[in-house]
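Quick note, the sequences are listed as chains A and B, same order. The first sequence begins at 1 in the working numbering and counts up one residue at a time. The second sequence begins at 1001 in the working numbering and counts up one residue at a time.
None of these hints come from the bench; they were simulated from the model. Note that beta-carbon positions come from the ideal geometry of N, C-alpha and C, so glycine has one too. Hints may be right or wrong, so weigh each one.
[Claimed, not checked] Covered by chain A, per the in silico footprint, the following chain B stretches (three or more residues, Cβ under 8 Å):
| no. | region |
| --- | --- |
| 1 | 1007-1015 |
| 2 | 1030-1044 |
| 3 | 1091-1102 |
[To be verified] Pulled a few chain B residues facing chain A out of the computed Cβ check, cut under 8 Å:
| no. | residue |
| --- | --- |
| 4 | 1018 |
| 5 | 1019 |
| 6 | 1022 |
| 7 | 1051 |
| 8 | 1056 |
| 9 | 1117 |
| 10 | 1118 |
| 11 | 1120 |
| 12 | 1121 |
| 13 | 1122 |
| 14 | 1123 |
| 15 | 1125 |
| 16 | 1126 |
| 17 | 1131 |
| 18 | 1137 |
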Amino acid sequence: MSQPLINWFKFASPASFYPLAGKMWPWFAALATAFAAAGLWISFFVAPTDFQQGEGYRIIFIHVPASWMSMFIYCVMAFWSAIGIGFNTRLSGMMSSALAPTGALFAFLSLWTGALWGKPMWGAWWVWDARLTSELILLFLYLGYIALTAAIDDPRRADKAGAIVSLVGVINVPIIYFSVKWWNTLHQGASVSMTKAPTMAATMLWGMLLMALAFWMYSIAVALYRVRAIILERERHATWVAELLEMQR
Amino acid sequence: MKARHKRFAIVLGGLAALGIAAALILNAFQSNLVFFFTPTQVANGEAPKDRAFRIGGLVKEGSLQRTDITARFVVTDTAKEIPVAYTGILPDLFSEGKGVVAQGALGADGKFTATEVLAKHDENYMPPEAKHAVDQAHEAAKTLKQ
């Protein structure tokens, strides 16, 4: 077999991923800040008022990107879980558990901002329609994952149990996404989708997409930062960690 | 077959089985997962008769009447219509020609008495000027047809 350009398996070792993540996270954090600054500026000062909802619609600049991220992060967790079960790599489980709190945060943000918007617009904080309920289940799946992995002392076993939860739970993601199509829901359909032209004004769309990019970058930066902490904690008895500490002294 | 191929096969097989199970379950609960029934579904007798349910559709243009705090309006899905009476505060987005979901019970006279009215927002977001332009275009199209 010919030598691949990048030896991916090299970075599957926590010892070599630790410095790489350390180099990468500040860049993603800087990008997140830049995108968030531009996105928030468009959201609050450039984007026009909505014809029907007035200023209240501006919640979408947080609500929609947060909901997207909450679903996407879960898919990434499921991906790492599958890799972890298949290749038996230690880093995959660490990546999964590094992503979970951020995913839970976004799921919570999505539900909370939605409730704040729902009261004045719909006339209810919360309704048990398919979209809202499945997103709530997503939040519980995140919390369940965090609780389960925290409850098992042996990290390798914890990763395995967590991997199964995230793989089983990933079935929920398409249900959330398509719920507004499959059933009658109070929640409106998608304004932006891959199959049709967006049904919103261009500046509003730009604000939303910039915020989505900011959330992406934030998630990557925070996950990398967190995975470094997890690596150090789990590998604390390894020689490379001792050498690292020796170098810093 | 290497051990890792076997593990990937188990993951894929497991996911496929779970997906099919989820699809079957959701299909079985189809009628319980809908948030509201359309006037056509109500006319076809698909809505539950012995308990409260929600109807959803558009508020028919020109049908809204207010007496004190009781609002009467007609919910339509352009095919069938149901008259609704509601006493209480209507949400901000409630208006004629817009989506609405009302919870309550259907009387023997075919009138729906709502205990809760929610506005259903659509997926269109645009500035007031754009909305004005769209309305003008619609008006122009109407006059052209005549």
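Interface restraint verdict for residue 1117 of chain B against chain A (beta-carbon cut-off 8 Å) = Because about 7 Å separates residue 1117 of chain B from the closest Cβ in chain A, which is inside the 8 Å limit, the hint holds.
Restraint check, 8 Å cut-off on beta carbons, for residue 1056 of chain B near chain A | Holds, because the Cβ-Cβ distance from residue 1056 of chain B to chain A comes to roughly 6 Å (cut-off 8 Å).
Can we keep the residue 1118 of chain B interface hint, with Cβ of chain A closer than 8 Å?
-> 5 Å, holds
Per the CB criterion, is residue 1120 of chain B less than 8 Å away from chain A?
-> 6 Å, holds
When the least beta-carbon distance from residue 1123 of chain B to chain A is tested against 8 Å, hint result = 4 Å, holds
Given that the region 1091-1102 of chain B was listed as covered by chain A, double-check it with a C-beta distance under 8 Å for 3 or more residues.
-> holds (count 6)
Going by Cβ atoms only, is residue 1131 of chain B closer than 8 Å to chain A?
-> 3 Å, holds
Do the numbers back the hint for residue 1137 of chain B, that is, is its least Cβ distance to chain A under 8 Å?
-> Result: violated, 14 Å to nearest chain A Cβ.
Should the interface hint for residue 1019 of chain B be scored as holding, given a Cβ-Cβ cut-off of 8 Å against chain A?
-> Since chain A brings a Cβ to about 6 Å from residue 1019 of chain B, closer than 8 Å, the hint holds.
Hey, does the residue 1125 of chain B contact hint survive, CB to chain A under 8 Å?
-> 4 Å, holds
With chain A as the partner, please determine if residue 1126 of chain B meets the hint condition of a C-beta pair closer than 8 Å.
-> 5 Å, holds
For the region 1007-1015 of chain B, do at least 3 residues have a Cβ located nearer than 8 Å to some Cβ of chain A?
-> holds (count 6)
Hints 7 and 18 from the earlier list are contradicted by this structure; the remaining hints agree with it.
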